[in-house]
Each structure stands twice: as structure tokens, then as C-alpha cells.
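**Student:** Sequence:
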Amino acid sequence: MAERSPGATAGAAGRAPGADRPDTVRNVVLVGHSGAGKTTLVEALLAETGAVQRIGRVEDGTTVCDFDEVEVRQQRSVNLCVAPTVHNGIKINFLDTPGYADFVGDLRAGLRAADAAFFVVSAAEGIDGVTRMLWDECAQVGMPRAVVITKIDHPRANFEEALTNCQDAFGDGVAPLYLPVDGTGLLGLLSQRFFDYGGGRRVEREPSPDQLALIEQYRGDLIEGIIQESEDESLMDRYLSGEEIDTKVLIDDLEKAVARGGFFPVLAAAPGVGAAEILEIVTQGFPSPLEHPLPEVTTVDGKPAKGLTADPDGPLVAEVVKTTSDPYVGRISLVRVFSGTLRPDMTVHVSGHGLAERGHEDHDVDERVGALSAPLGKTQRTIGKCVAGDICAIAKLSRTETGDTLSDKDDPLLMASWTMPEPLLPVAIAARSKADEDKLSQALARLVAEDPTLRLENNAETRQLVLWCMGEAHSDVLLDRLARRHGVEVDRVGLRVPLRETFGGKAQGTGRNVKQTGGHGQYAICHIEVEPLPSGSGLEFVDKIVGGVVPRQFIPSVEKGVRAQMERGVAAGYPVVDIRVTLYDGKAHSVDSSDMAFQIAGQLAMKDAAAKVATPLLEPVDELSVLVADDYVGAVMSDLSSRRGRVLGTEPVGTGRTLVRAEAPELELVRYAIDLRSMAHGTGSFSRAFLRYEPLPSHLADKVAAASA
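The numbering of the sequence shown is this note's numbering, which starts it at 220 and goes up by one.
In case anyone wonders, no lab produced these hints; they're calculated from the structure.
Wrong hints could be hidden among the right ones.
Derived lysine-lysine pairs resembling BS3-like cross-links, with alpha carbons at most 25 Å apart [claimed, not checked]:
| hint | residue 1 | residue 2 |
| --- | --- | --- |
| 1 | Lys806 | Lys831 |
| 2 | Lys806 | Lys725 |
| 3 | Lys734 | Lys806 |
| 4 | Lys763 | Lys806 |
| 5 | Lys826 | Lys734 |
Here are the simulated distance ranges between beta carbons [unchecked claim]:
| hint | residue 1 | residue 2 | range |
| --- | --- | --- | --- |
| 6 | Ala358 | Glu380 | 43 to 51 Å |
| 7 | Asp355 | Glu423 | 20 to 28 Å |
| 8 | Pro374 | Ser861 | 36 to 44 Å |
| 9 | Lys467 | Lys525 | 32 to 40 Å |
| 10 | Arg890 | Thr598 | 35 to 43 Å |
| 11 | Arg911 | Val584 | 40 to 48 Å |
| 12 | Ala358 | Asp401 | 30 to 38 Å |
| 13 | Thr681 | Pro374 | 47 to 55 Å |
| 14 | Ala358 | Met565 | 36 to 44 Å |
| 15 | Arg880 | Pro534 | 23 to 31 Å |
| 16 | Ala664 | Met565 | 21 to 29 Å |
| 17 | Ser897 | Arg420 | 42 to 50 Å |
None of the values given here were measured: they were computed from a predicted structure.
Every residue gets a Cβ at the ideal spot worked out from N, C-alpha and C, and that includes glycine.
Starting from the given sequences, assemble the full structure and let the hints guide the process.
**Tutor:** This is the structure in C-alpha cells:
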């Protein structure tokens, strides 16, 4: 820790791109809401170790981690960024994640590639609901964590309040190691020393009497927290009896507790303050890949692969955690190696789970690895190998997508996929020109390969191309990339919800298809009766022909015509459902009757019957499960009622969260992903599944009819 070696400085190889052994690697993900200061903190840590010379945006508007064209314009992170450096002989891969909920795919990728996490909280802004949920998620898998309270020099900064909020949100084991002093120094609670950054460099001093009193106010709770996690059961009794516990013993126990995820130190940071302390937590407190268990690995046929560890000499198991497209280099795969060693020019097997419903295909192919590189933002530095525990980039793996597993071609393996939320915001698009239409398919395929949270739907019924996105910002970024990176202009168009038609009552119809020409003619007459059936019944076709007035071979032809007209609709152009059609009479000709003649007659009979009775529109109704913090249950239920929804019930889920079950029309759910996030301040999530069709209210049906006229 920084208190063990306060004068520690960066190793001379601050820019060294590759590691030789897993025990010399630390993979640390930074998590926090947008604006908390994650990217600024990463740059400060890189500057402290000499990996970069300048912090902040340069002449072209880029930073180390914000170099994507969208990030430059919007000045916010939308991508996972790997920023490696070296400190005291330890290679550290910092994984800077987006703080905006729409880009949860990159956040999940960062969690997957990391062995420990920094939760970054602004001293001026507090904690959002998404950060709280991510803390619980990390707790479930036992990921070691620490908290960094940033912006301690901000005019509105309140470290004590931020600390209290962290302890309330994250629970037991959260305690400060340092206290900020005027945004320019830190008080070490274990060492009882003052680390003064006011002169531009870190100077250790004796604390003043006031500072010593502040140390004593917090030091006891810190020591008790460390002792509670100690493997030495006698330590607490010795401490309570008044014995002064040696600082080295406390630091050793602290490091062990942090590494196994039992204690969560809180640090403080501002520009020029706190970087050394954070780096020491990383190198001495956070675990190496050897100490962090591998995700579940199986053979491609599902049998468990046992005994795998972060052994450079073991079987190769690596995972693509991020895919990007470079206009000059092509596809770039960011890879975390979990076992074995990845080398240039080797042939690997690519195994992929596939997400067919999102436009991702299964992968089961061999590919040759080209050059390996260590990414630092947009800079790629060639390396000779990537050992277990390290992260590298591979260019031009043409069949590889995010989430795929790379393994030995003679012993293919498959890593369990990580949890990825369902995209629930539909955005219908149309190519702006014929030239754009020609390029659109290939450009969308590249976007899908890059982003596992994107689902591509080519809806045959509505004849629309729909991007299912995580939110509005996500859709904006996707369309921006289509235009700027792939040169394809598209327009958003109104989303068409697939409605249905049915019959409002009984009606009879006649289909008369009689055409006599000089040659072979058409002759088919059929009489049908149509009546509505209960929801979900589909089509029931009844044959009541007697006396052979319609020959037996043509009765299926009438049914084909009826079904064809049902698909095309009889009023507003939507498919017809839930009816019984009875064929009870007709006429045929010995020469001019045919299969096609009676199909056409069946279609005409359906149209004739529909003209004699009301044909109400039906709308799809979905079953909803909305998971939300207890504080927002009332608002969610009220909102669902305003969407013509029906709340079926609620049930508690864990602590402080409630599951609301409801039914609601799809027409009212087009923007629900956006509205729920706003209502629940980012703490809500939902799933939906088609349930049934119900009559569309007359005032809405009139609008649809007018639009289709």
C-alpha cells in the first residue's frame, strides 16, 4: 500500500506493453456514473507512471480514452477503453467504462475482463442507482472492489457526505484509508502521516494537532474493520484489550481482505492528488489473475473443462471482450487471455454462442492470428505474445465477434457467456438513397459484430428494418457511426406495430370468378359464411358442401384463397385472425374450373363478407415484468395505467426492490425503455413477451384506418 512505501515511484518501464507472467498483471475496471471522473482518473494514473505526458484533450480533441469520433464531439465516453501502464514492475490494465446506462455492453465487457474494480464516486454529485446495482452484481461474483471519491477539490465537494453515501449504498466493509485536506493533501489513517501535494509533488509531513484529531476520529473504525476480516482470530481480543496492533500487521491483513473481496477501502483523488495511493492499492491489494477464478469453461459439446488456471503453459482460453472497426485496419478484437499464451501467426479455434435473435450467428471456425498489439487508447504497440491474465488486441479476425472464445484448434473450448441485457428500444430506419441501401446491409453487419447489445430485425410483416437499442443515446451513436464510419445515411421512420383484423360479427360473402374468353376461361363461384372466434383461435375452415356443387379437389383451393386474403387483410391491410369460415355452396364448370380459379373466388368471397360487417382492429398486448426500486413502484404503476396497462400484482425481490407484473399494449411501449429509466432514475429494468391480441380502442382504430386509406 502507499502507506507501506510512501516514496514509491513509477517503474522505468511505464510504457512497457506486455507482461511475462500472470502474477505481474492487474486488470482493474473503473465503474461509475457519467461525469464521475473515471477517464480523468485513468489519465492521472497513466501520467503518474509515465505512460503519458499530458492529461486532457489535445489539438484534435482526443484524450487517451476518448478518441472515437462520437466521444470527441460529445466529450463523453461511449466505449470500453484499455489503458495499460507499469508501476513497480506490475503491469496494470485499466479498463475505463462508459458511465451512461445505454452503453452497458461495454461496461459488462470491462467487468468480464477485470479481476478487480474501482467504483468512482464524485464528491460533488453522489451515487446513482445503476452504480448501486453494479456493486451488488460484483458482490455476487466476489469481485474485489475499492472506492475512489473524486473531485475533492470541487467547490461543492463534500467528502464526508460522499463517504456516508458510499457506506449506506455499498454496505459493510467500506471504510476510508485516507482523508482529504483542502483538496491538496491526504491524511493516512494507518500511518498517521500527512501527505502534502500542495507543492506539486508528494511530501510526507507530521500532521497538525487538528489533523491528528481528525485521524483519530476515523482510525478506530478502520482498524476494527480490518481486524474483523483478519484470519488471525486473536487479533480482535488483543485490540479490545488495549494492545497497539503493529501497522505492518494491519496492512498485511488489509491487503488480504481487499484481494478476497471482504474489505473495500475508500480513497480520495483530485488532479495531482492521490494517484500514488491508488496505484499502491492496485499493485499490493488487488489480486493477480492467478488469484481470480476463471469463468466457467466447457468443451464445445458442453462438457466441463476442469483444472484450468491462469497458466501461460496451459491450454489456450481467451475471450473477445470488445470488437471495433477501424477504417484503415479493419476489424480489431480486444482479447483477454485467461489461460495459455496467445502468439502471432498461430491458428486458433473460434467458438461463439451466437445470438440468432439479435443477428449474431454461431461460430465454429478456425482463424489465423495476425500481429498482436497492446492498445493504449487509439495507439497500437506490437507485442510478441500475450500470456494468461493479460489483454491484447488482434487485427483482422474476420469471423470473430464480441463474446467469442479463442482456443487451441485441436482442443476447442467455450467460455460461458456473460449476462447481457435485452435491447428494448425499437428504432425503425430506412436508407436515404439507393446508394445507401446498397451499402446498408454490410454496414449493419459490422455494427452487430461490434455490439452484442444491438439486435437487428428485418420485420417481414411490417416491411421495416428495426434496430433494437439500449436507449436513445445508444441509437444516436449507432446512426452516427453508420454515417461517419461506414458512409451510410439513414432516416428514422415511424415504427409500425403489427396489428390484426377480425370480424365483428357473422357475415356471408360470395366469390364469383367467371371469365369467358376465346380460349380456356375461369369459372369458380363460392359462398362462405364468416364468424368471429375467441382470441387465439386462428382460422377454422369448415366444409359444408353437399351434392358436389364444388368438386372435392377444389375445396382446398377455396381455403388457400381464404388464407391468402387473410394475410393481406380485408380492410386496413393487416392480417385477419380468429375467424371461422364455412364454405356452404358454390358452382363449378367441367372445363373452366381450376385450382387458381377457386383460390381467387375464395379471396373475393372474403372481401365481400368483410364489406357487410364491422372489421375491428386488434392490437398486440405484451406481458411485462418491471423490476424497480421500492421508491418508484407507485410511479411505475401509475404510468402503466396511463398506458392502458393492467397491473396484475407486485412482489418483493431481495432488499429494496419490487417486481411489478402487468399487461400493456405494444403501441404504448415503443418508448418505454426511455421513460422507465427517467421515472426510476436508472434503477428500473423490464422484460416483455407477447401475450395476445385485443381490440384496439375505436379512437385509435380511426387514426390507423385514416393513415392506411
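**Student:** Taking the hints in turn, state whether each one holds.
**Tutor:** Status of the hints after comparison with the structure:
Distance hint between Lys806 and Lys831 is fulfilled; the C-alpha atoms sit about 22 Å from each other, no more than 25 Å. Simply put, Lys806 and Lys725 have alpha-carbon atoms about 23 Å apart, close enough for the 25 Å limit, and the pair holds. Taking the CA atoms of Lys734 and Lys806, the gap is about 14 Å. The hint holds against a cut of 25 Å. For the proposed pair Lys763 and Lys806, the alpha carbon gap of about 14 Å is at most 25 Å, so the pair holds.
Straight-line distance between C-alpha atoms of Lys826 and Lys734 comes to about 19 Å, which keeps the hinted pair within the 25 Å bound. Ala358 and Glu380 have their C-beta atoms about 23 Å apart, which leaves the hinted 43 to 51 Å range violated. Distance hint for Asp355 and Glu423: a CB-CB separation of about 38 Å, inconsistent with the stated range 20 to 28 Å. Roughly 41 Å separates the CB atoms of Pro374 and Ser861, a value that falls within the hinted 36 to 44 Å.
Separation of Lys467 from Lys525 is about 39 Å and conforms to the stated range, judged on CB atoms against 32 to 40 Å. For Arg890 and Thr598, the hinted distance range of 35 to 43 Å is satisfied, since their beta carbons lie about 40 Å from each other. Distance hint for Arg911 and Val584: a CB-CB separation of about 42 Å, consistent with the stated range 40 to 48 Å. Checked against the hint of 30 to 38 Å, the C-beta distance between Ala358 and Asp401 comes to roughly 34 Å, which is consistent with it.
As the Cβ distance of Thr681 to Pro374 is approximately 53 Å, the hint placing it in 47 to 55 Å holds. Ala358 and Met565 have their C-beta atoms about 38 Å apart, which keeps the hinted 36 to 44 Å range intact. Under the hint 23 to 31 Å, the C-beta atoms of Arg880 and Pro534, about 45 Å apart, miss the expected range. Checked against the hint of 21 to 29 Å, the C-beta distance between Ala664 and Met565 comes to roughly 27 Å, which is consistent with it.
A C-beta distance of roughly 45 Å is found between Ser897 and Arg420, which places it inside the suggested range of 42 to 50 Å.
When the structure is compared with the earlier hints, violations turn up for hints 6, 7, 15 and for no others.
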